[in-house]
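Protein chains in written order, with my numbering: chain A, 31 to 207; chain B, 915 to 1108.
If you're looking for bench data, these hints aren't it; they were derived computationally from the structure. Careful: at least some of the hints might be erroneous.
[Unchecked claim] Stretch by stretch, here's where chain A covers chain B in the computed footprint (C-beta under 8 Å, at least three residues):
1) 932 to 946
2) 968 to 981
3) 1055 to 1063
4) 1066 to 1077
5) 1096 to 1105
None of these values were measured; they are calculated from a predicted model. Even glycine gets a Cβ: it sits at the ideal position worked out from N, Cα and C.
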Amino acid sequence: MALDEQNLSKLLRLKRFEQPPPGYFDDFLSEFQYRQRKELLKRPAWDILRDRLEAFWFHYFTLTRFAYATASLAVLCVAGALTSNMLRYPGSSVRTSAQILAANAVNVANAATHVPPASMQVASTSRATDTMNTSLSPQIRIPDAMLDASVTPVANGQHPRYILDTRPVSYEPPFSF
Amino acid sequence: MTDEPAPNEDAQLVARTQAGDPAAFDVLVVKYSPRLYGLVYNMTSNHEDTNDLLQDVFAKAYRSIGGFRGNSAFYTWVHSIAVNMTINFLKKRGRRLTMSLDDMDSGVQNDKDFIELTSSTNPVREADLSELQIRLNEAMMKLSYDHRAVVTMFDIQGMPHAEIAKILGVSEGTVRSRLFYAHRQLQNYLEEFH
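Chain B extracted, bound-state conformation (with noise of 0.2 Å):
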């Protein structure tokens, strides 16, 4: 799931928005709001919190977007503002286990690892899948802000190492290393569960 965008329409949209072209910038929004969506609600776990959220991170890339020197892709710059918004948004509201799974898509139903997950010959066959997403969702909220974005970009919405560490500013061995941990944290939270 590494749709990766097209540098040179985002860098056209860019440059139109700051020669003073707003629809150039809902371009931008439309294009970049589903993904973006899918990251803060994975690190907030809350729908109403994400949309406030979500808008106000496009509302500060639109100002500072006078400031963007295209050293970086929209693509990363944009998910930078939105990580860091998230994350001080998570800290100052501290931790909240809101899950809102009702809004789970029924895609999920024809998904193949789903069907795998719930085949008769995987180990975890006995589970039910919205419990065990409760569950999973429960230990992704008891992992710290750090892991969570990590885990997050890398394993729901399938981003490269390379471009993660671009995101949070990190080194591509850091973004490994708190992949392992979270990933060994959230096997222990859900040990029970099996």
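Looking at chain A on its own, in the form it has when it is part of the complex (with noise of 0.2 Å):
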């Protein structure tokens, strides 16, 4: 026989005696308290790697903060060194060896188009090596006056020639025992 939709009622409103244990309603109001103050200190993953991260980059600067601003103010002072300098002899710049010795090259080229007088020919070997070793560094700019003074220009309308009467030094062969 089946259950009539009368006694299904009945039996549907027993189940409201269904009761948590004694007490429970009592403690309830307590819990619920207790659970939003502990939710207050429960913060989210990405809040707590966010502190983290702040103290660790803190931590980090603290230490490196004075070495930081140490390297900085040397890079300003060298920067501003070379800017001061540049400044006040623009010509000064450092230049490579190759710039140097295109430069020679240009000048020793010049002083083929203008003849000196006679009394100004010098053949001097020392001179001409010295000129060849002061070429070879880069810092020393070489004037066209003693370029020209290297130079061995020849009479009777023929083209110029150049000596050098030493070896270079590379040029000497390593010692052998």
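Since each chain comes alone in its own frame, lean on the hints to assemble the complex.
In structure tokens form, the structure reads like this:
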């Protein structure tokens, strides 16, 4: 025999007597308030991560703050010195050996087109050697007058001839025992 | 068992809570926790889950009460939160047939429905009440969540159709329809027992 609608309703109504253990509702509010306080202490993971990163970077910058400041100051000083030097001597910029050699070649070519008087002809081998040696040094700029002095122009309309009477040191054979 | 709460009193408590008085919300918690317990427990059929859910329901209500504009009664609003959270919980948990009838109040022995059901003139007089309740709980757990909610609110808690419709956000016709099908399902599940 099927349970009719009325009996089913009565049976369902009995379920309202299913209650929690005695004293449950007395403690419910306290537990609710406790959970709320606990929730305030519970922080999301991203918030904790942010705090830890902040603490790490603060510690790191505290340790290296003066090192960075010192390095920055040194860089600024060097940059300032270079800048002031360049402003004071515009042509005194540091040049490479190749640039100096190229400049010397141009000077020599210019000198060849202007033949000096015979009285100024100097054929000093020692000075020629000096010229070569100094041209290898990147910091020293060779004055044109010195180059002109090392030139040996030939009279009678011939092309000038440049003589290096000594051999560069690099051409010397190495010592052998 | 339709002890309707006083809306004005609730409105005042809500206004005090919104103004920053947490003690006013405590009054609402004490007032509605037994009723909401019955709602959640008869849908989950587990005391521990009910306790956790009920705490979460009130916590959510407290967090959201700033946005409560009073378009419905607090009673309806907090029941909506409870039903929605319970259904979401049940969907996550899946069906778990855990009955705990040990907590059944002894007051049932004096209930007139109980006496009538177990009287000698009743067709189900031979049935043991505990066994019947177990079967009923099993049948309840076989209902869909929406049907279970309607049966809980109407048959167990004695809410009117209109109130259930407001809580669930559906029409009264839908509530009646769900009740009809839920009762038929329950009758079918309990048929073997008789």
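Query - Numbers of the earlier hints that this structure fails to satisfy, in rising order - result: 3
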